[in-house]
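**Q** Produce the complete structure using the sequences and hints provided.
Protein sequences appear in the order of chains U and E. Quick note on the numbering used here: the first sequence kicks off at 1 and runs consecutively. Quick note on the numbering used here: the second sequence kicks off at 1 and runs consecutively.
Treat the hints with care, as some may be off.
[Claimed, not checked] With the Cβ distance kept under 10 Å, some of the chain E side facing chain U (calculated, not the full set):
id, residue
1, SER110
2, LEU111
3, SER113
4, VAL114
5, ARG116
6, LEU118
7, GLY119
8, LEU120
9, VAL129
10, PRO132
11, LEU133
12, ALA135
13, PHE205
14, ILE207
15, PRO208
By construction, these hints were calculated from the structure, which means they are not laboratory data. None of the values given here were measured: they were computed from a predicted structure. Just so you know, even glycine gets a beta-carbon here, dropped at the ideal spot from N, CA and C.
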Amino acid sequence: MSAAIEFREVSFALPQGRRLLERVSLAVDEGTTTVVLGRSGSGKTTLLRTVNRMVEATSGTVLVGGTDVRQADLVRLRRGIGYVIQETGLFPHMTAERDVGLVLEAEKTPKANRLRRSHELLAAVGLDPEQFSRRYPHQLSGGQRQRVGLARALAADPPVLLMDEPFGALDPLTRAEMQDMLGRLLRQLRKTVLLVTHDLDEALLLGDRIVLLDQGRVVAHLEPEAFLQSRETAVMEYVRAFHRGERRAAEEQR
Amino acid sequence: MSGFLSRYGGEIGILTLEHLWLTGAAMLWATAIAVPAGVWLTRRPRWAKPVIGVANVLQTIPSLAMFGFLLPLPWLGERAARVAIVALTAYALLPVLRNTYAGIEGIDPSLLSVARALGLTGAQRFFKVELPLAASFILAGLRTATVTCVGIATIAAAVGAGGLGELIFRGVASIDNRLILAGAIPAALLALAVDGALGLLERWFRIPAAKAAP
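**A** In structure tokens, the structure reads:
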């Protein structure tokens with residue numbers, strides 16, 4: 001299997017000198033999902049954004065499909081990478097069907113084809129096109145909006161998907177539904193996915209591999225089983241902290 | 001009363017058209033200048049303060065003085081309508097400029113960032129995202145400017161540019177309230193009509209509240 005996304009010694013520092021990424025080296029195999037975990041400020045989102053060059057790495061190289069992203073044409077690169085973010089990602093002046101087909105619109109795909117593709121994708125993410133294609137974001141619930149956002153990321157059939165806390169703003173029940181839906185969809189589509197979250201359950205459910213980032217450094221890069229059993233201090237701390245909330249909830253229910 | 005109307009009705013009609021022409025031409029100029037300028041300022045924010053400041057100063061010049069200043073200028077002064085249109089354009093610049101700038105500046109930066117991440121080119125981001133999201137703001141500026149211009153255009157009669165102000169000035173000179181009203185009422189109605197029509201247009205382009213999820 002070849003790596004669809006590869007980070008080679010990638011560092012990123014803010015102009016004021018604060019270092020957000022510290023020599024990150026990592027490969028994401030084609031057709032697999034890698035979940036990046038870490039506390040707020042650990043550099044997860046920054047790492048993700050170096051892939052579509054929303055952030056330019058200060059040093060090191062990011063490769064997508066074997067090509068250095070700095071050598072790639074920016075517009076082409078970005079159209080070939082699906083991008084999903086938490087909330088606010090949908091354009092308030094666009095209907096779901098237009099928003100989903102926006103990349104195709106930018107590519108000057110004929111309208112009929114565009115709409116056909118939009119409706120197909122809305123159906124794929126569990127939204128009946130009859131009912132939802134003409135709705136604006138404010139006419140959709142949070143979960144429905146995230147589904148539209150996901151459909152949009154898939155519109156141009158990009159080999160790579162970047163997801164930045166895609167379900168972070170959702171209530172636990174909706175989040176669980178969305179995670180199941182995404183899991184099914186990813187198994188079917190075989191995309192290469194880099195997903196950022198701080199939700200350990202999400203990482204275990206969706207990830208073929210889990211990366212733990214701490215202060216811009218990769219402290220673990222493991223399969224889910226191995227991640228849970230890791231003796232690495234940072235990993236154990238993260239797992240313990242995450243489960244503490246769950247235990248307390250379980251105790252309160254009793 | 002009916003005698004008055006039959007005597008002046010035709011003239012009121014012509015002067016109303018003249019009034020509309022002065023205002024409309026000025027608004028076209030103001031839009032053509034201030035909308036691109038407002039957009040440009042969002043790309044060069046350092047210039048925003050000084051440029052909007054200049055437009056602000058233009059706005060504070062008393063209108064009668066403005067017409068007077070422009071009258072002696074070479075090409076401009078040859079035709080009173082030219083003077084009127086330039087002066088009205090100057091007054092219309094500020095609201096249009098300010099609203100265009102504020103409308104685009106006010107767009108949620110995360111939306112622009114998404115537009116970039118989706119691979120939209122600069123022109124596509126502008127026409128598909130920025131302009132539609134700022135449209136109702138820009139139209140609100142046009143509306144304010146147009147209503148202001150309809151009012152100020154009555155002063156244009158002072159330099160002989162015509163318009164409904166002519167009846168008002170004549171009424172003042174001959175102490176004839178009927179003549180003053182014959183100019184003032186259509187001018188007021190015109191302002192209301194323009195305000196209503198542009199208000200509808202503005203509402204048409206308004207973006208439904210993003211947060212008001214059902």
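**Q** With reference to the structure, classify each hint as holding or not holding.
**A** Now the hints, each set against the structure:
no.	hint	result
1	SER110	holds, 5 Å
2	LEU111	holds, 6 Å
3	SER113	holds, 7 Å
4	VAL114	holds, 5 Å
5	ARG116	holds, 7 Å
6	LEU118	holds, 5 Å
7	GLY119	holds, 3 Å
8	LEU120	holds, 5 Å
9	VAL129	holds, 6 Å
10	PRO132	holds, 5 Å
11	LEU133	holds, 6 Å
12	ALA135	holds, 8 Å
13	PHE205	holds, 9 Å
14	ILE207	holds, 5 Å
15	PRO208	holds, 5 Å
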